[in-house]
Amino acid sequence: MAKMTLDQLRALRAQKQEELETRNVEGKDIQLIVGMGTCGIAAGAKQTFDAIVAALEKHKLANKVVVRQTGCMGLCYVEPTVEVIMPDMPPVIYGKMTSDVAEELVVKHLIEHSLLDNHIFDKPAIDIAKH
Amino acid sequence: MAYKNFILVCGGTGCESSRSDEIYRNLIKEAESLGVSRDVQVVKTGCFGFCEKGPIVKVLPSESFYVQVKPEDAHDIIAEQVIKGREVTRLLYRKDKKTETTKLEEIEFYQKQFRIVLRNCGVINPENIDEYIARDGYKALERVLFEMTPEEVIAELKASGLRGRGGAGFPTGMKWEAARKAPGDIKYIVCNADEGDPGAYMDRSTIEGDPHSILEAMVIAGKTVGANFGYIYIRAEYPLAIERLKIAIAQAKEYGLLGKDILGSGFDFDIEIRLGAGAFVCGEETALLQSIEGKRGMPRPKPPFPAMKGLWGKPTVINNVETLANVPVVLTRGANWFSSIGTDKSKGTKVFALTGKINNSGLIEVPMGTTLREIIFDIGGGIRNGKKFKGVQTGGPSGGIIVDKDLDKPISYETLTALGSMMGSGGMIVMDEDDCVVDVSKFYMTFCVDESCGKCAPCRIGTKQMQMLLDKITRGQGEEADLAKLEQIGKAMTKASLCLLGGSAANPTLSTIRHFRDEYLEHIHDKKCRAGKCKDLVVYEINPEKCIGCGLCARRCPVQCISGEKKKAHVIDSSKCIKCGECFTVCKFGAVIKR
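Chains A and B are the protein sequences, given in the same order. 1 is the number of the first residue of the first sequence in our numbering; add one for each residue after it. 1 is the number of the first residue of the second sequence in our numbering; add one for each residue after it.
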């Protein structure tokens, strides 16, 4: 995009706001968001990211799922963290998601629609952008 | 087969100890006996950070938040909520007995944390400017460019009560006003991202998670004070943060949010990154400016303050990362909203890097006025391995240690200073009974000796003298008079040093002498370190009655100083022992004694 004017910025914001709310990117309605700050990467978030992508390929889900990255959520003691947002399931944040549990996450949560024991953590605070 | 409900049972240490495990099993049992185990999944989760009201059970998707649940409540939760779809009102959290709070969002501060600076961290993709824009990003810039005068921006900042988050707490609005009023056609904006305290990573995480918030604030500052150029001074040890800043700057330029004629307003602003070589003193603003100019990073006396004479002698606003990250929110939400958070004199929130002997280490953001006890025991989940809390070090090498009796004081710039510590940038290191205060003081003093720039005598000589005295005490050669010497040198350094590095370097030592004088005296008189950290004061021995002669310690000993026949008690040759503690750790029979 070239340089924007004020109106273009406002239009872009409105459009992206909607996208971010439904979290529906490119027609894919499942989102996996991996925390990739220094703490996450040190705990193996890059390997988790790769393992998730591999598991999605294996279970033929790659065309339905977007895997994204974000910064540190603050839960450094349970890094790597992965947030899962998908229809018909409550949004969930998983911690301690090392690469060896990546496939279990894909199978249990995405395919069987059930949650993983002992890996769920809470958002650390309410989102001020929504309240 | 999809579940209709999910019941989350907190499996954090606090809740486990109040029988959350039994709740978990009862819920599964009830679901089976009532024939709904295919409709509901019971899951164990990590700590919800609301331990004082535990055990906590949350039901999704209705977001029912139950507190102080007992194992016998399992029946009602399944029978009412899962089968009939009604919440168990008697278990819902409420602030006091009269209110009928139900929805999670309505529970005021149920999680204790409140995220302004970290609003986007862990939410948006930091390498995608669109996501920042979608969450009200660059909206404050719109207001500043097209709707507000610089005077209004300054008035708003002043009214908000925002103060510098780098540690000293100077009101941001006043700093900007001084730079605006300072005569001169060329002015600069500098972002101080030279985070150097051991154990602190607030600024790094903010930049890694939300780089655009810093860029937006710098453009706003530029427009307000009349500067067209900004520098971000960041240490080279933060490669990911630097990378994300570079991406963010490129994206902002492409969109016309940086560079010439921003959004068609006619205002130009550009930002460059300057890498620091990792000198702690360059976090001091005047030393930082020297470093940007390409000179050796050393502080100079103030005044003149940088707002009058800063970079290349020109008026310069220099703000810390966290301060800047607050600015766009203050301007979009308004001063009234911002000043409603926090205490009388300290407004808004503060980010802390919570580390040390704590269960839930992490990056937290709390409203000013939160107590240290809430941070350590509710958000942090208490001390690791059930050990006893000893103290918390705030503000890194410039801060002091705060002990149990002061944990209920609300956090603000003033209270922390009154406690002999300081807000500092926000490192918070929790210590337990296994930490030795003399050893910790020595660690921080050694850090200051290494990092002192050497320009002024009090700091250059004082830190070294104090470090030598502390070292003497930890080696068991201390005298009682050394304590008075430490205090005397410490006070002199505090008064006479050129900058805050020396001015605050004595804080850890002075505060530990104040709170733990008995422990210092124990080192001096009894030649004893109760935490077992000071190696010269520790002796390892084997209790012949407990030793079964397995030989594990002898095999593990790196200097082969343990000997003995098989199946007979072994002996440690203390003249060769290097006190690594390996034998103590590996012995399964508790036969190795540390004295």
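Calculated directly from the structure, the hints in this document are not laboratory data. There's no promise every hint is true.
[Unchecked claim] Dumping the calculated EDC-like pairs for lysine to aspartate or glutamate here, alpha-carbon to alpha-carbon at most 16 Å:
(1) Lys4(B) <-> Glu112(A)
(2) Lys4(B) <-> Asp88(A)
(3) Lys566(B) <-> Glu545(B)
[What the hints assert, rightly or not] Now the in silico label distances, taken between C-beta atoms and shown as ranges:
(4) Gly278(B) <-> Glu57(A): 36 to 46 Å
(5) Arg556(B) <-> Glu19(A): 53 to 63 Å
(6) Gly278(B) <-> Val53(A): 30 to 40 Å
(7) Glu19(A) <-> Thr149(B): 26 to 36 Å
(8) Glu19(A) <-> Ala159(B): 55 to 65 Å
(9) Ile111(A) <-> Gly590(B): 48 to 58 Å
(10) Val53(A) <-> Ser575(B): 57 to 67 Å
(11) Ala62(A) <-> Gly549(B): 56 to 66 Å
(12) Lys46(A) <-> Ala277(B): 38 to 48 Å
(13) Glu57(A) <-> Pro239(B): 23 to 33 Å
(14) Ala236(B) <-> Asp50(A): 51 to 61 Å
(15) Asp50(A) <-> Gly85(B): 37 to 47 Å
(16) Glu18(A) <-> Pro304(B): 48 to 58 Å
(17) Lys387(B) <-> Asn63(A): 48 to 58 Å
Bear in mind that the values here come from a model prediction, so they are computed numbers and not experimental data. Yeah, the Cβ is synthetic: ideal placement off N, Cα and C, and Gly gets one too.
Structure-based check of each hint:
no.: 1; hint: Lys4(B) <-> Glu112(A); in the structure: 13 Å, holds
no.: 2; hint: Lys4(B) <-> Asp88(A); in the structure: 9 Å, holds
no.: 3; hint: Lys566(B) <-> Glu545(B); in the structure: 15 Å, holds
no.: 4; hint: Gly278(B) <-> Glu57(A): 36 to 46 Å; in the structure: 41 Å, holds
no.: 5; hint: Arg556(B) <-> Glu19(A): 53 to 63 Å; in the structure: 58 Å, holds
no.: 6; hint: Gly278(B) <-> Val53(A): 30 to 40 Å; in the structure: 35 Å, holds
no.: 7; hint: Glu19(A) <-> Thr149(B): 26 to 36 Å; in the structure: 34 Å, holds
no.: 8; hint: Glu19(A) <-> Ala159(B): 55 to 65 Å; in the structure: 35 Å, violated
no.: 9; hint: Ile111(A) <-> Gly590(B): 48 to 58 Å; in the structure: 49 Å, holds
no.: 10; hint: Val53(A) <-> Ser575(B): 57 to 67 Å; in the structure: 58 Å, holds
no.: 11; hint: Ala62(A) <-> Gly549(B): 56 to 66 Å; in the structure: 60 Å, holds
no.: 12; hint: Lys46(A) <-> Ala277(B): 38 to 48 Å; in the structure: 27 Å, violated
no.: 13; hint: Glu57(A) <-> Pro239(B): 23 to 33 Å; in the structure: 30 Å, holds
no.: 14; hint: Ala236(B) <-> Asp50(A): 51 to 61 Å; in the structure: 27 Å, violated
no.: 15; hint: Asp50(A) <-> Gly85(B): 37 to 47 Å; in the structure: 42 Å, holds
no.: 16; hint: Glu18(A) <-> Pro304(B): 48 to 58 Å; in the structure: 50 Å, holds
no.: 17; hint: Lys387(B) <-> Asn63(A): 48 to 58 Å; in the structure: 50 Å, holds
Against the hints set out earlier in the document, violations occur for numbers 8, 12 and 14.
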